[in-house]
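Listed in order, the protein sequences are those of chains A and B. Residue numbering for the first sequence follows my numbering, starting at 1 and increasing by one per position. Residue numbering for the second sequence follows my numbering, starting at 1001 and increasing by one per position.
In silico BS3-like cross-links for lysine-lysine, where the CA-CA straight-line distance does not exceed 25 Å:
| no. | chain 1 | residue 1 | chain 2 | residue 2 |
| --- | --- | --- | --- | --- |
| 1 | A | LYS735 | A | LYS503 |
| 2 | A | LYS667 | A | LYS702 |
| 3 | A | LYS476 | A | LYS704 |
| 4 | A | LYS735 | A | LYS678 |
| 5 | B | LYS1214 | A | LYS704 |
| 6 | B | LYS1116 | A | LYS667 |
| 7 | A | LYS704 | A | LYS480 |
| 8 | A | LYS667 | B | LYS1165 |
Worth flagging that the hints you see were computed from the coordinates, not collected in a lab.
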Amino acid sequence: MELEILKEKFYQLVAPSLPNEWDVEEALSHLATAETEHLDEIFAQIPAIWPVSHSLCFAYLSAAGPALCCLALDEMSLWVHTLLDRYETGGLRGAQVFMEDVDQQFARHLRGQGGLRLVDVRSRLQPYVNGLAGRELPLIAADTVATDSESIFLPSEIGLFSGHEENFLLYKLMVSFQWASLQTGVFAAPPSFRLHKKSAHPLDCFFSEFDQPANARSLYHLFETSRVLNFLRHELPGLMREAAALLPQLPLSGDDSSAPNLLDWLQRGLLRDDWSGSLQSPLMDRAIALLQQAREEALDNAASLEAVRELMPLMAVEDNLAQTDPLVFQGTLRLQEMRNLGMKQQADKELRLIKTMTAQLPPATPTAAAEEANAGEAGGQQGQDTALLIDMESAWEQLPPFFQSQSLRLDNSDALLDSMQREHERPGQSRVVEHSVTAAEGKAGQTFVRSSHASPEEGQGMIEPVVYDEWDYRRKGFRKNWCVVTEKELPPVQNTFIEQTLKQYRGQIRRLRHQFELLQTSERFVRRQREGNDIDFDAMVESLADHYAGRPPSDRLFIRLARDQRDIAVTFLVDMSNSTAGWVGQAIKEALVLICEAMEVLNDRYAIYGFSGMRRLRCEVFPVKRMEERYNRTVRQRISAIGPREYTRMAPAIRHMTSLFAQVEAKIRLLIVLSDGKPEDYDDYKGDYAIEDTRHALLEAKAKGVHPFCITIDRQAHEYMAHMYGEVNYIFIDKVKQLPARMSEIYRTLTS
Amino acid sequence: MAGRQMRIDEYRIDEEPYYLATGSELAIAEAAYLDGSPLLLKGPTGCGKTRFMQYLAWRLQRPLVTVSCHDDLSTSDLVGRYLIRAGEAVWTDGPLTMAVRAGAICYLDEIVEARKDTTVVIHPLADDRRQLPIEKRGELLTAPPEFMLAVSYNPGYQSVLKDLKASTRQRFIALSFDYPEPEKEIEIVCQEGRLGLEIAKPLVKLAGMTRGLKDSGLAEGASTRLLIQTGKLIGRGIPVRTACRAAISEALTDDRELLAALDEMISSLF
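With the hints as constraints, model all of the structure from the sequences given.
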C-alpha cells in the first residue's frame, strides 16, 4: 500500500495527536509491502498502544510486520496485550526484547511448547514455601537459583524437560532445596573461627584461607548439598521420592567435558549414584569416602568444613573446580548479599533500640542524656541535652546501614561472631519469633518517638501508598499497578460553617433524626410461632377450642421476640475536584453535616472520605471520618476543610474504598459516591477511557460485595451516567439546594 | 423431678476421655472448681477446649451440660420456658437451670456467638452470688457448691461485633489453649487417630506448615481435631494423600491456589 495512504490512516487513528512526520514515515516504511488484511489487523491495535506510549507504538509498527510471520492474524491482539503488559513491567526495553523474538517469547508459550514460567507457578509455590518456612519467603525471578535468607531466587522459566510436570517438580525441588539450605544452616558461620574482615561473610573468610578460595567454595557447597538432600529425604520424603526419577536426568557440566574434574565426578556420584569410572587418585578416593560418609545425618556444616580442610591440600594447583557449573537446583551461594542483609537488619534493630531508649528518656536531664550519648559511642560531649542527641540520631539515620553498624559497634568481633552464629544457627521457625519481636519493637519505638518529640505534619501521607490496577477498555485488560493512592490528612479547619449549617437546617435535622430513629433496630413480637419465649394466649385459647370441637389444634402457640438487626456499614466518597468549587462544594458539605447528624441516632457504622489528585501517581484520598472514628469536633472541622482541589480520577478512589471495605464485617456494605460530573484527570484520563475505568471499578466493588450508589450533581443528565453507574445505581440532582435533604432520603431508602 | 434427674444422668461421663495436659490447666481448673469460680477457655478451633471440659467433668464426677451458642439463642433457651402439654402450661427447665439444680458443669461453647443481652443472664451466676433468677416463675435458684460454669470462645475470628463485654469477661478465671507442642501433638494424634509415629509425625508437620499460612490467606491452620480425623480415615484404609486432601486441605479452604499449595505440601511430606 502507498506510504501516503498508510500515513493518512495513521494520523486518523491517533488524532488529535500530530506526531512528527519523520518518525511516522520511518515506522510505516516497514509496512509498505505488507498485505492488506495484515495491515488492517496491525492498524487495529494502534488505538490501544498509542495512548500508552508513542515510542512503543512506533517500535510496534516496526516489529509488527515480521511478527506476523510467526503469528496467526487472530493471535495479534493477544500479542499486543502481552506486549503492553511487558511494557508496563519492563519499560520500552522490556517491550523491545519481547518483540524481537516473537517465537521464543510468545508463540511457543501460546502453542504450549515453551517451558514452565515462574509467574505461572508462583501462586502455587509461594504459599507452599511460606508454609515450609513459617514466614514469608518471596520467590523472585533471577538468572540463577539462590537465596539471601529473606527471598528465594528462581529462574523465570524452566524448559529443561518436555513435560510441565517435570519442570514443575524441578521448581518445587529448587524451592524446597533453598529453604532446606536455610533450615540446615548451610550459611552458618564456622564454629570457633576468627573473622578477619567484619563486613565479609564468615564462610568467605574461611574460604579465603586457602590458596584457591573458589575451589574451597565449590567443594563446600557440594558437600553441603549432599547434607541438604539427606535432610530433604528425611523431612520431605514424598518430594524426594518423586524427585528420585528426576535427579539422574538433570544435566551435569561434566557430561560435555572431555576431562571431568573432581567436582564433576562427585556431582555425578551424588545425582546418579554412579561412582564408577572416576580417576583413581588418593584425592578422589578420599573425597568419595567423605561424601558417602556425609550421607549419614549431620546436624551442622562442621563435617563439610572439615572435609574441605582435608581435601584442599590434596588438590593440585591447576585444578579449577569453578569451571563446573553448580547443580541446577543447587544454585549459587550468595554469601556477601546475605552478610549485607544481616548487617542491615542488625543496624536497623540497634537503631530502633536507640530510638526507643532516647524517646523514653525524661526530657532535659543532661546527665542521663550524656550517659546515653557516651554509651552510644557516636561521639558527644558532656552536658549535651536530649535534643542534640535526637539531632544526632536523625543524622545517623542518613548514614548507610553499613556505616551505622560500623560506627555503633565497639571492638567486639567475638560478640559479632556470636550474634552472627545465632543469626544463622536457627533459621526458619525461630526467626519468626525474632521477626515479630523486631516488628513489635519497631512499632513501639516509633510511637514513642512520635509522641515525645514529633507530630505528624499536615498533609503528610498517613499510610503506605497503595497501588491499584487500572482498566483499559481498548485492550480489554488491566494496566498493572498503574495508580498510586495515598491517604492524606485533611487539616481540620475552625470556622462557623458547621454552626451555620446546623442553624440553617435546624428543623430539617430534627425531622431527619426522627425519621432515622424509626430505622433503628426494632424489636417486635411475632405471634403464633412453634417456638418462642412466651405463650401466645390467643393462640392457646383457639387451639383448645379447636381441640374440644374435634378439629386438629394448631401447634403454633408461642410468642417470639424478633429483632431486626441493622448490620450496615457505609462509606461516603466525596469528589473534591476543582469543579466542585462554589455552590456544589458547599451543598456537598452541608449534606455531609446533615447526614452525620442523622446517622448519630443509628448504629450504622459509616466513614467519609474525600478524593482528588493529579495524574495516576498522585491519586489522593482524604479520610474525613474513618469507619471506627466517632463523629466529634475534629470530624466536623475536617468536613469544614473539604474544598476543591485537583482532578476527578474516581476509579482508584473507588478501588481503595473497596479494599478498605474488605476489612469491615457487615451484612450490607454501601458505598455512596458524591460527584459533580464526569471522571477526568490531567493526563489522558478522560472520555470513554475514564468512564469505562470507573464503570469497571464499580463492577469490581459489586463483585466484592459492596453496593455502590452514586449521587451526581449536574445541570443536566447525561447518557453516560446510566452506563457508568448502572441503570438503578445512581441518582441525578440538578438543583444543588436539594442535595442535603435528598441525600438523607436516599440513604433511608437504600438501607430500609 | 424424677424425670429431670434421669435426664441429667445422661450427661454424666462414665469413661475416661483421652486428654493430654499441656500445662497447668488441670490444676487451675480444679482449684477454680473448689473456689466456685467460673472458667473461660479461649483458643483456636479444634485445639482441645471441649475435650478438656469433658475430661474435667469426668475427673470431678459431675455431669457436663454443653450449650452451643448461636446468635438466636435467647434467655429462655438457657433458663427455661413454659410449654403446652396436654392443654396445660408446664414449666420446663433450660439447660442452664437444669445444670444449676443438679450441681452439674454447664459449658457454654462459643459464648461470643450469643447475643450480648443473653449472656447477661449468667452474670449473677458467675460472681460470688452464684444465683440464677428465674423471673417467669419468680424463683431465685442458688447454685450448690458442685455447680460450675464454663464458657469458651475463639479469639482468632473475633470481630468488633463479637467481643465479650468487659463486665462478662472479668468474672472468669481464664485458661488460654493453643495447639500442643509438636511432641505432644504427635502423641495425641497417635493415640486418638490410632496411628503409628511414621504417619503422625509428618501429619503434625503438615499442620505446622498450614498454621504458618496466615499471611497467605488461610485464616486458621489445621487443628489437632482435623489431624485426628485424618488419622481415622487413614486407619480405614484411605490412602494417606487422599485422606489429607479430604480431611485437611478441602476442610481448610476453597481457594484454588491455596488448595494447590496445600497439595504440594502433602505430596512433599508423604
